[in-house]
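Protein chains in written order, with the UniProt record's numbering: chain A, 1 to 388; chain B, 1 to 388; chain C, 1 to 388; chain D, 1 to 388.
You may find that some hints are simply not true.
Since copy identity is lost for identical chains, a pair holds within one copy or between any two.
Taking lysine-lysine pairs in the BS3-like style, the calculated list, with each CA pair at most 27 Å apart, reads [to be verified]:
1) K112 x K31
2) K12 x K204
3) K31 x K116
4) K8 x K82
5) K277 x K8
6) K31 x K102
7) K31 x K12
8) K204 x K31
9) K116 x K277
10) K8 x K102
11) K116 x K82
12) K82 x K112
13) K204 x K116
14) K277 x K102
15) K82 x K204
16) K112 x K12
17) K31 x K8
Simulated from the structure, these hints should not be mistaken for laboratory data.
On a predicted model such as this, the values are computed, not experimentally measured, just so you know.
In case you want the letters, here they are:
Protein chains: 4
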Amino acid sequence: MTDLSAVKTALKSQEIETPSWGYGNSGTRFKVFAQPGVPRDPFEKLDDAAQVHAATGVAPLVSLHIPWDAVDDYAELAAHAKERGLRLGAINANTFQEDDYKLGSVTHPDPKVRRKAVDHLLECVDIMDATGSRDLKLWFADGTNYPGQDDITARQERLAEALSEVYARLGEDQRMVLEYKLFEPAFYTTDVPDWGTSYAHCLKLGPRAKVVVDTGHHAPGTNIEFIVAFLLREGRLGAFDFNSRFYADDDLMVGSADPFQLFRILHEVAKNGGFEKEQEVAFMLDQCHNIEAKIPAVIRSVMNVQEATAKALLVDLDALRAAQAAGDVLGANAVLMDAYNTDVRPLLREVREEQGLDPDPLAAYAATGWQDHIVATRVGGTQAGWGA
Amino acid sequence: MTDLSAVKTALKSQEIETPSWGYGNSGTRFKVFAQPGVPRDPFEKLDDAAQVHAATGVAPLVSLHIPWDAVDDYAELAAHAKERGLRLGAINANTFQEDDYKLGSVTHPDPKVRRKAVDHLLECVDIMDATGSRDLKLWFADGTNYPGQDDITARQERLAEALSEVYARLGEDQRMVLEYKLFEPAFYTTDVPDWGTSYAHCLKLGPRAKVVVDTGHHAPGTNIEFIVAFLLREGRLGAFDFNSRFYADDDLMVGSADPFQLFRILHEVAKNGGFEKEQEVAFMLDQCHNIEAKIPAVIRSVMNVQEATAKALLVDLDALRAAQAAGDVLGANAVLMDAYNTDVRPLLREVREEQGLDPDPLAAYAATGWQDHIVATRVGGTQAGWGA
Amino acid sequence: MTDLSAVKTALKSQEIETPSWGYGNSGTRFKVFAQPGVPRDPFEKLDDAAQVHAATGVAPLVSLHIPWDAVDDYAELAAHAKERGLRLGAINANTFQEDDYKLGSVTHPDPKVRRKAVDHLLECVDIMDATGSRDLKLWFADGTNYPGQDDITARQERLAEALSEVYARLGEDQRMVLEYKLFEPAFYTTDVPDWGTSYAHCLKLGPRAKVVVDTGHHAPGTNIEFIVAFLLREGRLGAFDFNSRFYADDDLMVGSADPFQLFRILHEVAKNGGFEKEQEVAFMLDQCHNIEAKIPAVIRSVMNVQEATAKALLVDLDALRAAQAAGDVLGANAVLMDAYNTDVRPLLREVREEQGLDPDPLAAYAATGWQDHIVATRVGGTQAGWGA
Amino acid sequence: MTDLSAVKTALKSQEIETPSWGYGNSGTRFKVFAQPGVPRDPFEKLDDAAQVHAATGVAPLVSLHIPWDAVDDYAELAAHAKERGLRLGAINANTFQEDDYKLGSVTHPDPKVRRKAVDHLLECVDIMDATGSRDLKLWFADGTNYPGQDDITARQERLAEALSEVYARLGEDQRMVLEYKLFEPAFYTTDVPDWGTSYAHCLKLGPRAKVVVDTGHHAPGTNIEFIVAFLLREGRLGAFDFNSRFYADDDLMVGSADPFQLFRILHEVAKNGGFEKEQEVAFMLDQCHNIEAKIPAVIRSVMNVQEATAKALLVDLDALRAAQAAGDVLGANAVLMDAYNTDVRPLLREVREEQGLDPDPLAAYAATGWQDHIVATRVGGTQAGWGA
C-alpha cells in the first residue's frame, strides 16, 4: 500500500519551474494574438509568475530567456524575484533570432557566426553567475532545410567544439542541459534531433552535462517514458520541458493532449528516484499557449503536473513489482491503471489546505483581481513576446 | 511505347501557377529572415513572377492572396500582369490574420465574426470579377486547440452555411476550391482536416466546388496519390498546392523532399486525364521558402514539377496495364520505375530550345541581372511578407 | 448539472459487441502464442462470450467472422447464443486468407477472383438471414504493395461494382458497414484507406450503407473524434471497432493506450445522439490481445468502454455550451476535463449492483472457476485462431 | 569533378549481403502466401542466393538466421556456399519464436528464460566459429504491450547483463551488431527502440559492439541519414538492414518506397568513408517480400542498392563543399540533386559488362531457367518460411 502521508509530503515539496516567455504573447507563423495586460519587461513577467506561485505553492522558479529577458542589472532582477518568493531558474540561450543565424549558430559554416554564438552562450554563463542560476539550458534552432545544404558531420564537429568551450566555462555548481528536437524551424535535419545525439555529446563533455526532455520534440509514436527511464538509469536526465502536443511541437498546456502519457512519464520518474532532490531533475514548463489567458493557463499546467505527480506517487509499487515478476500482464497493468483512474483532486485540495493555500488555485487567482489590475495598468510600452 | 512528340507537346502546354507570397519574405514562428530586393507591393510581385515565366515558359499564372495583395484598382493589376505575359490566377481568401479571428472565422461561435469573414469571402469574389480569376481558393485556419474548446459539429454547420452563401455568389465560370489541412495553426482540430471533409462539403455545394490537394497537409503515411486518383475519378480535383515536407507543413520547394512521391502523384494525374484542359485542374505552387533566394527557388520548383511531369508522361501505360492485368507485381512496378529512373533533363532542355527558351532556366535568370536590379532599386518601403 | 439517474439508465442499457476472434489465439507475423483453454469452435467462443456478458451485463452481442466461425447450422448457433443470453451480431466477411486473394479480392484484376469474393459476401448475407444479424461488416485487405502494381482507379471501379451487387442483396432490415484502414496487410495503398473513401462509397450505395470506425486504423495525428462527429452529423456512422494502438494497428485492449482519446470519442457520441438506439451505432470491440489472458482481457475492454461512456455522459453539456459560446477556451476545456478526471468506478459499481451484478466483473469472473474449467476440458482438437 | 573510373572500381568491389530468409515464404499476421519452388532447407537457400550473385556479381555474402538455418554440420554449409562463390555472413540470433519468449527473452523477468536466451546467443557464436562469420547480429523482439507490464529499467539491466556475457565470448575478429526497432511485435515499448539505446549499450560493451541501422525501424519523420552520419563519425555503424517502408516495418524491396532516401543515406556513407573496407560496414538486405517472386525481388533490391550507390559516388564533393562553405543553399542542394537525377543504369550496365556479366541481371536470371528448375524439382518437403 502506498503511504499517503509520504505522498503528501512529496507533493508539498515539489518545485515546478515556469517559463518567463509563457507570460508573454506567442503564436504561430500565421499570427500572434496579443492579450491585454501582458508584461512589458522581465520584472513584470516575474510579477505574473509570483501570482502562479501564490496560487499553487509549487512554482517558485522562473526560467529566463536571453536576450528576451536581458536587463542591465541581473542582481536587481534576482532581488525582484526574491521579494516575491521566487528564484531565477535556468538561463535559456537564444541563438536563433538574429539575421546572422539564418544558416545556423554554433554549427554555422562561417566561423565568425559561430564565434558570435559561442560568445552569447558564455555571456549566459556570466548571467548565471549574477542570478545564481544553476542551469544553462541550450536549445539550438540549428539545422538544414534541404539535403546537401550543409555537411551533417561537419556540423557535429562544430557543435562539439562550441559545447566544449562553454562547458569549460561553467562553475562547479553549474550545469549545461542540452535539449533535442526532431524538427522546426529546420525541416530537413536539426543538429540535435534526438536524445541519443544529446546524450552522446553530454557523455563526452562530462558529468555536469545532461539531457533535456521536451515532451513535444519527438516523432509520432516515440515512447517518451522509455527515454526518461533510460536517462535516469544513466544519471543523465537534466530537465523536463513539459508541454502538450497532438501533432508537432504544439506547445499547448501540459497534460492537455495526453494526460495518460504525462502520468506514465512521471511514473518512471517516481519509480527511478527522479523526484529525489539529489537527482537534480528540473521540472520545467515550456509552453506557448496562444489563444487562452496567460496566467490561468500556466496555473492549469502546474495543476496538471501536480495531478499527474500525485497519481504517479499513488502507484502501489510493491503490488506492481509482484505482478511484473509473476508475468501477470493484466494484473500489472491494472495496478498502474488503478492509480491513474483515481481522482486525485480531493487529495490535492487537502494538500493545499494543509499548506495554507486556497484549495482551488484558479479561483484563488481570479479572486485576487490581478488580471484586471494588469489590464488596467500595463498600458503603453511594448508587450513581451517571442522576439521581444 | 510512349509517343515522345506528344510528351513534348504536353510539356510545352503545361501551365503552372506561382504564388504571389512566394516572392515575399516568410519564415517560421521563430524568425522571418528578410531578403534584399523582396517586393514591396503586388505589382513588384508580378514583376518577379514574370521573371519566372520568362525563364521557364510555363508559369503564366499568379495566385493572389487578399488582403496581402489588396490594391485599389484590380483592373490595373490585371493589366500589369498582362503586359508581362501573365494572368491573375486564384484569389486566396485570408481570414486568419485579424484579432477577431482568434477562435475562428467562418466557424467562429460569434455570428458577428462569421459575418465579417463571409463578407471578406464575398469581397474576394468581387475581386475575381475584376481580375478575371476563375478560382476562389479557400483555406481556413479555423479549428480548436483544446478538447471541448468548441463544438465540432456546430462548427461544421457554420462552415456549411458560410460556404453555401459564398457558392451562391459565384459567377457561372467561377469555381470554389476548398483546401483541407490536418493541423496548424489549430492544434487539436481543424474544421477541414482531410479530403473527405472537403469533398463532403463540395458534394453538397454543387459541381463548381472542388477539392484542393496541398501536398504538405496530410498525416504521416498518407498516400496522397490515392486521394488524387480518387478525386479525379469523382471529377472533384480542383487544384494542387505543391510544396515539400519532411515532417509537418514545411512548405519547402516542390519535389525537394520526396521527388518519387511527386512523380507518383503526377502519374495518377496523367493516367486519369488530369492534364487535359477540360479537367480544369490547377497546378499551383504554395511554398514558403525561408532561407534560400526567392525567385530562383520558385524557378527550381517549376522545373521540378516539369521534370516529374515529363517522367509521368513517359510511363508506358500499355506495358503497365498489361503487367497489371497479368498480376506481374515486379513487372508492373518496373514499368513505372523505368520512367522514374530516366533522366529527363535533356528532354526538357530540348523542349525549352524548341520554345525559344534558354535550356537552363536558372542560368537564364542569373544572366538577366534582375536580382542585382531589384536589390539595388527596391530600397525603402516595407517588404512584402506574410501579413503584409 | 448532469442528471445522474439518466446516466445510470444509459449505462445499464448500453450494449457492447464482443468479437468471436477475441476468444481465440492471435499474434503478430513473428509468433502466435497459444493459450490453454482457448475455444476450438464457434460454440465454445459463445460460451466464453457468455462469461463476459455474465460478468459485465452489457455484452450481449457477439460478432462472427466467416469462415472462421462457419458452421453447418447457423440456426443452431443462434440458439446456442440465445440459451446463454446472447445474440449474434455482425457477420464479418473474410476475403484475405485464401491463396486466390494474394493480389486482392473484390478489387483483384482477375474477374474470376472477384466473382469468388463477391459470392462469399453474398453467402455472408445468407448467414445473416439465418442468424438474424443486422450488419454485414466489410473489411477488405485489398491493396497493393508497390507503386504501379495495379491501377488505383480501376480497383475503385471493381470495388464499387462488388459493393453494389452485395448491397442489392441486403434485406430491408439489414445494413452494410464498410471499414477503412490506412495500411496492413497492403503497404503501398489499401483500397479503402480512410473514412472519406468509405463514406463516398456508402453515399452511392444508399442509406443502409454506413462507415465503420476502427480506432486503430488511422495515420498518426488523426483526430478520430472529429471523424465520429462528422459521420454522426451525416447519419453515416455505422459501427465502432474499438481497440488500442500506440503505433500501428496494434489491436490492444480498448482504452489501454489512450483513455483520454476514448473518452473524447464517446463524448462526441454522447453529444451528437449516438447512444440513442434509433441511431443504430454498433459498439463493437475488435481486439487481438496476444499475450494476456483472453476472457479477462475482453472484460477489461468492456469495463474500459463503460468507464469512458460514464465519463462522457457526465459532461455538463449546458456548462460546456455556455463556455463555448462565450469563447472561454480554458473554461470550456475545464468542463470537459472535470468529467474526464472523475473516478467513475464507484458509479459503475453502483450501477452493477443495481443490476444484480457483482460490482467487480474481473473478480466475478475469477470466482466462477470458468478459466480452470476450460483449461481442463478443452483438450484435444484445434484451437481457434486467426485462420481457423 | 567526380572520377568515373574510381566510381566504377568502387561499384565493382561492393559487397551486398542477402538474407537467407528472403528466399523463403513470408507474410503478414493475416496470411503467408506460399510460392512454388521455395527452398526447403539452408542449402537450397544458398543455391538461390548463388543465382543472385551470379546475376549481379556483388552479392557474395548470405546472412543466416538461427534456428531457421540450423544444420548439423556448419562446415558443410560453409563449403556448400564456397563451392557457389558465396561466403556465410552474419549469424542472426532468434529468441522470439518459442513459447518461453512470450514476455521477452534476454529481458524476461524470469532468470530461467533469460538463461535459455543467452545460451542461444552463445550457441550462435559457436556457429560463427564454424562458419567463419564475423558478425553476431542481434535483434530482440523483447518489449511490453501495456504500460506497467514490466519495469523498463529492470529490463535494461537484464539486457546489459546478457549482452555483456555474450560480448565476452566473442573471438578477436568477431563483432556484435545490435539492432534497434521502434515497435513490433511489442507495441508499448521495445527494449532497444532507437539508435541511442543501441549506441549506449555498445559504448559500454567495447569497440567490437556496433549499431545496426534497419531502414524500416524508425518513427515517421526520422532522418535516417543523420543517424548514419552520426554513427560513422563515432565509428559505431556496424551494418545496414536495407528494406523499404511506407508506414511501419513493411520490409519491402530496398529503394522501392523512397529511392531518394536510400540515395541520401548512401551519400552520407560515401562522404564519411563508410564504403572503405576497413570501416567494416556490412551492407545487408533484410526484406520480406510477400507477394512478388522471391529471387527476382532480391536481384531488384541489389540493383537498387547499386544504383543508389552509383549516384552517391557521383556526387561532386568538391563542388558540394564549396557551395556549403559559401552558404549557397540552392547551389549545394543542386549539386546533390544533379547526382540523384542522373540515370546511372547505363553506367551500371557498363560496369557489369566490364566484369563479364550480363548488363541486365533480371534478364540474365530469367535466361538461366532456374525458376522453372526449382519449381519442378523442389517438390515435397516443407517450404522454408519464417519459423521454419
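Quick rundown of the hints versus the structure:
no., hint, result
1, K112 x K31, "between (33 Å within a copy, 21 Å between copies)"
2, K12 x K204, "neither (36 Å within a copy, 39 Å between copies)"
3, K31 x K116, "between (30 Å within a copy, 18 Å between copies)"
4, K8 x K82, "within (26 Å within a copy, 53 Å between copies)"
5, K277 x K8, "within (16 Å within a copy, 46 Å between copies)"
6, K31 x K102, "both (21 Å within a copy, 9 Å between copies)"
7, K31 x K12, "neither (39 Å within a copy, 40 Å between copies)"
8, K204 x K31, "neither (41 Å within a copy, 32 Å between copies)"
9, K116 x K277, "neither (36 Å within a copy, 40 Å between copies)"
10, K8 x K102, "neither (49 Å within a copy, 39 Å between copies)"
11, K116 x K82, "neither (32 Å within a copy, 48 Å between copies)"
12, K82 x K112, "neither (38 Å within a copy, 47 Å between copies)"
13, K204 x K116, "within (23 Å within a copy, 36 Å between copies)"
14, K277 x K102, "neither (40 Å within a copy, 38 Å between copies)"
15, K82 x K204, "neither (36 Å within a copy, 44 Å between copies)"
16, K112 x K12, "neither (48 Å within a copy, 43 Å between copies)"
17, K31 x K8, "neither (42 Å within a copy, 44 Å between copies)"
Hints 2, 7, 8, 9, 10, 11, 12, 14, 15, 16 and 17, counting from the list given before, are not met by this structure.
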